[in-house]
Every structure is written in structure tokens, then in C-alpha cells.
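Colleague: Chain by chain, the residues:
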Amino acid sequence: MSEVETSVARPKPVRVRPPPNTSRSSLSRMENRAAYWFLLPWLAGFFFITVVPMLASAYLSFTDYRVLKPPQWVGLQNYVAMTHDRRLFVSVGVTLRYVLISVPLVLIFSLAVAALLNRGLKGLAIYRSLFYVPSLIGASVGIGMLWREVFGARGIFNSFLALFGIKGAGWMSSPGTALYTVIGLNVWTFGAAMVIFLAALRQIPESYYEAASLDGANALQKFRRITLPLLTPVIFFNLVLNTIGAFQSFTQAFVVSGGTGGPVDSTLLYTIYLYQRAFQHLEMGYASAMAWVLLATIAAFTALLFWSSRFWVFYGD
Amino acid sequence: MASVSLEGLTKSYGNGVLKAVNDLNLEIEDGEFVVLVGPSGCGKSTALRMIAGLEEISDGGVWIGDQFVNDVHPKDRDVAMVFQNYALYPHMTVFDNIAFALQIAGMPRDEIRRRVEDAARTLELTDYLKRRPGQLSGGQRQRVAMGRAIVRQPAVFLMDEPLSNLDAKLRVQMRAEISKLQRRLGVTTIYVTHDQVEAMTMGDRVALLRDGNLQQVAPPSVMYDEPANMFVAAFLGSPSMNLLWGELGEVSASGTTLKLGGQTLLLTTEKIAGLRRLGAYANRAVVVGIRPEDIYPAADRPGATSKIRSNIDLVEALGSDKVLHFSIDARQALVKSSDSLDELNHGEAGKAHCVARLNARTPLRMGDDVDLVFDTDRLHFFDGETGEAIR
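Sequence order for the protein chains is E and H. Counting from 4, one number per residue, gives the positions in the first sequence under the numbering used here. Counting from 78, one number per residue, gives the positions in the second sequence under the numbering used here.
A few of these clues could be false.
[Claimed, not checked] Taking lysine-lysine pairs in the DSS-like style, the calculated list, with each CA pair at most 30 Å apart, reads: (1) K336(H) - K399(H); (2) K399(H) - K225(E); (3) K125(E) - K96(H); (4) K225(E) - K152(H); (5) K428(H) - K384(H); (6) K348(H) - K336(H); (7) K246(H) - K96(H); (8) K384(H) - K348(H); (9) K152(H) - K125(E).
[What the hints assert, rightly or not] Listed next, the stretches of chain E that the computed footprint assigns to chain H, with coverage defined by at least 3 CB atoms under 8 Å from CB atoms of chain H: (10) 210-217; (11) 264-273.
[Claimed, not checked] With the C-beta cut set under 10 Å, the calculated list includes, among others, these residues of chain H facing chain E: (12) G130; (13) M158; (14) Q161; (15) L165; (16) M169; (17) A182; (18) P231.
What the hints contain is simulated information worked out from the structure, not anything from laboratory work. By construction, the Cβ of each residue, glycine as well, lies at the ideal position given by its N, Cα and C atoms.
With the rest of the complex left out, here is chain E (with noise of 0.2 Å):
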């Protein structure tokens, strides 16, 4: 009531600017609380299942810990223990050519396949299915166990290769076959980045192509100097993407030379060697230290990759 008086009694309406929204802020303050809410159980996810082993194996690498005993410090020892550790030092190259032959023969076939699949096949989606599905299952034990079967020194393979008059070898029990049937398993899972190739390549307008058609250029120049370039961040995703998964391989090696990484540590994958070590040695606090150490060289290696990209990868306008 006083207030309508007050307003009367005004000789001219005054305009007041309102003051700060202050009850917008605190909706946006009850929002973000129910955000917070509803992120509880990933976040509770993240931090007990990935921050506190992190953590935990982080201060473990610091010690000498063998899971009867609580861990007893011991500084840098597990770090320089590693540079005269032998075994680790295959493992590392084992890794380093699984990772090296595997990544690019992955990114070359699923491009390819792409490349082939997009050239208005009919029955598209059941093609895309079918080279899909391996990399859906590829990881799984079975079919690492499989796999193992498969190239047996009397699987199909060699009973197909017969058909031919070929006598083959016991590809997985010889060492210098073991890893290339390992990476063979890996590359039959190339479902995953053909599925992203095959998407960025139906994203290349149709007129690109009859333009450079009209220009002479055949499919040869047309997929080098226009599919390629405008591919290179999809390349550069997948190249990056199934680098980290190259390095973090263990189950189809693990499955395969039954755990081993034989013959003759020719399957031994770091990551192997760092189960070996963790679980049949029990030497976790050393496990810890190789687990930091692989960090550190996949953060390096996509470092790398993100530096070279500004030479070669076209990011649209």
C-alpha cells in the first residue's frame, strides 16, 4: 500500500535499473548441484576404480611391495632396477614392433576397406557389419583361444594352406611367426577405424570428385589428392587411437602364447611382463613403476603425434 503511495506521490516515473539478478544465480546454483548429483556415480566411479589406484600405484612404485608385506619404501630402486632388467628390454622391443607394424597395417587395411565399401556398394550395411564385428569380439578370450586353434601347427589355416601343397608352419608355437599371428589378430579387428573412415569419407562432397573427374584425374589422383588430405584428421584420430591401444595390448598375445609371452618371450608384450611380474612374481611395487614407465611412453608417443600433426593433418576451414 505505502508503495503505490510513494508511486503516486512521484512527480515523474523513475526508471530503475533492476539489481543484479541475484535469484538467477542461485537457480544456476541449484543446477549445478543436480548436475553434480547426477554425475555422483561416475565421478565415485572415477575416483575410487581409476585416481586412488593411480595414486596408490603411483607411491607403490616407490617401494618394494610384495603383497604378504606392506611396502617398504625404497625410493627410485624399482626405476633403476628397469634399466638392467634384461627381459624388460625384449618386452619393450616386442612392444615396440607389435606397435610399429600393427597400427599402420590396421589404419591401411580399414582405410581400404573404407575406400572400397563407399563406392556405392549395395548391401552396405551388412558389409559394414560383418568387418565390423571382429573388432567387437576380437578382444575377448574365446576368440583368442580361437585364434590360438586356428594357426595351430593342425589348424585351418595350415589345412587350407595344404589345399595348395603348402606345408605350414606351428605359427604360433615358432618364434619368429608367434608375434606376426598376434598382430595378424589385431589387425582383423580393423572394424572399429573403418567405421570412422567410412563415416568422414561420405562427408567428402560428391561434386569434389566429379569436378576433379571433369579435370582428368583419375581414381588414383583423385584418392591421393583428394580423399587423403581431406581424411587426415580421421587418420590422425585413428592413428593416435589405436596407437595408445597398440601399446596397452594384453589379452590376444596374453590368450594366444597362453600367458607366457612365448615362444621364447617372442609374444612377451610389456604389458605381459608387467603381469608377470605383478601376478606370478608378485612384485607390485616394481609392476607400479613399469605400469608409470608405459605411461610416460604412450604420453610421449602421442606427444610426438600431436606435434607432427600440424605438417600433415588439414583441419576444414
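Got chain E sorted already, so can you dock chain H onto it with the hints?
Modeller: Using the frame of chain E, we list chain H on its own:
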């Protein structure tokens, strides 16, 4: 340079059920600028793509010069195409975009550089050669697309709605630039557009398509003044031609009458003399067309005998002129936007909406009653059944 000849060019889909282009016959002379125009989906782009070799030809043939090119690969047809979206390679510089065809052809570097720089000078792109398409404005991209076409010095330019991605002002400017460039280079050009202004202003001749069928080929002014049928009449011109149902009277020595609803116009003998077939339509219904600019306020034409009385629904002042919307007591003849010409909508009797384009200084306002004069010398007559012009 070369002539282009289309003979019975046909593109059909679904076992010939749907014809995107139907039996298109067109002779394009060496150096001529022909505009293919028509509403969306009329088959103009499909026809162009068949000439380019990007679309398979279902029937008929294409000659470029003396060569029958139906089975010739696009690259061997000696044509260059400008695409609606320009199809510029985003990862290449302007230089490389323009040079692409020459690089593919394996031309020596010096020659490529000379040609690209020439083209860039022509198109005022010299300062932008090192940029990428993403760093250019719409108009500049358009020019790069042009550059890519001219640098090859092809026999024929094919342009597929090259200006449709530009804003209105830029479109006017580029329209003139393309016309000038074509005149200077003298390269045979086939230009596809849905924009009637482009069709009217750019081409030596215009070919109007509808539902895959060629309606008329003629120089723009001829097509505007002597449309072959109601569709052509209605398509060209903005605002478009008023089309009304009318009834012709008995043809006598003094002329004849034309009844538009309750009002009657007198047609002079001279007017009828120019239209030999009109006599056959005496005492019959015909479709009468009159362009908005051929209608005047009676005050401006003191001598006029037949006036049309009307009330003004709306006045649009465009600055340069006034567009007058009014209704007259007659039946409107509408050209349906799909299917064939014989589907004429007979419209609501006694309420035909008409448009006149008047001098900007005409003092008329909404709601005014007005006497209007139809310039009877400029009337168009169409057969009510077929929609064909009566001449």
C-alpha cells in the same frame, strides 16, 4: 570452342516411368550463351550433367562440335563446369585449386604458373592465390570456381546455378561479371538457373524447361514478349503476367470485343490482324494475359475507350515503382505448378486477383476505386485447353 547439340536427350528413372529430361532438342552455336531455366526439379541440372558426362544418358545424344560424346569420358569432352557449391578443394590454396586440371594434365610448371596468373588477373584474384577457399568471401570463392573453369580454356563452359549461394547484391554484380567474361572469351556457355532475372539478363537465348520438357527456346526479349504458352508467360516476369479467362466476341471489320467477367474491352482490327488464329476463337473462352506493366490508371490515358473498374486491395511502393494489387470481376486462369499445361485451374468466378506495375508517383492508395486501362495492343491470348499461345 565448339557448338553443342542435343538430340532427343532423355533421362529416365525407374524403367522409364519417370522422365527427368524428356526428348530435349537444342542447338547451341559456337560461342553462344544459352541459359537453361525452369522451376526446381524441371530437369535443367540433369540435362547439364548429361552434357558434362556426370549423368548417364538414357536416350538421345549429345554432340560437342563434331564429336558424338555419349560414351566419351567427362575429361575427354573438353568441357569445364562450375558447380553450385563451387566444389573448391578446401585443403588446397587458390593457386592449386585453379591449377588442378593443368597439374593433372602434366603441364610444365612455368606454363601452369603463367596460365593461373593470367586467370587470376582476369578475375582479380592475384592477391588471394596463396589463400585457402575457407579464407575467402562468397564472391571470391565464386571467382575461384570461374578461374578453375577458364584456366583450362575448354570448348564449353557448363555452369550449374553458380550464383545461387551468393547474397542478392553480390549476385547482381557477379551476374554482370560472368556475362562480360563470357563475351570476352567467347566460349560456348550453358548456364543453368532457376532465377528468371539471370535468364533474362545473361543469355543470348533462353531455354525454358518444365517437368523435363522444353517449353520454348528464344532470345530473352522474344520469350518475354511472345511466350509460347501460359507456363512461359507466367514464369518470366516479376510480378508475373495476369492470366484471366475471357470471352471473345464476333470478329467484325471494326475489331472484336473481349468480355472479362462483367466488363468488356474493345480490340482493334490491327491487334487482331497480328493474330491470325484468333478468329477461330470467336464466341469462345480464351485465356487472356496482360503483363503488370501494360496496365495504366485511366487518368494517364485520356484517349482510352475501354476501362476496367476496380478497387485497390493493396499498394506496394518499391521506390522505383508501385505495385498495385486489385481484384476484377473475372475468372482467374492459374498455371498449376506441377504436371501438364492442360490442367488449368478455372478459379473462383468474379474474383480475379491482378497486379499492375505503375509509376511510383501515381497517387493511388489502398481502398481507392480506380479506373484502369489494359493496353489492348499488349494482350496475350492462350488456348484454354492446351495453354498454347494463340497467334
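Colleague: Indicate, hint by hint, whether the structure satisfies it.
Modeller: Hints and how they fare:
| no. | hint | result |
| --- | --- | --- |
| 1 | K336(H) - K399(H) | 27 Å, holds |
| 2 | K399(H) - K225(E) | 54 Å, violated |
| 3 | K125(E) - K96(H) | 24 Å, holds |
| 4 | K225(E) - K152(H) | 13 Å, holds |
| 5 | K428(H) - K384(H) | 17 Å, holds |
| 6 | K348(H) - K336(H) | 16 Å, holds |
| 7 | K246(H) - K96(H) | 36 Å, violated |
| 8 | K384(H) - K348(H) | 17 Å, holds |
| 9 | K152(H) - K125(E) | 27 Å, holds |
| 10 | 210-217 | holds (count 7) |
| 11 | 264-273 | violated (count 0) |
| 12 | G130 | 8 Å, holds |
| 13 | M158 | 5 Å, holds |
| 14 | Q161 | 8 Å, holds |
| 15 | L165 | 8 Å, holds |
| 16 | M169 | 8 Å, holds |
| 17 | A182 | 6 Å, holds |
| 18 | P231 | 9 Å, holds |
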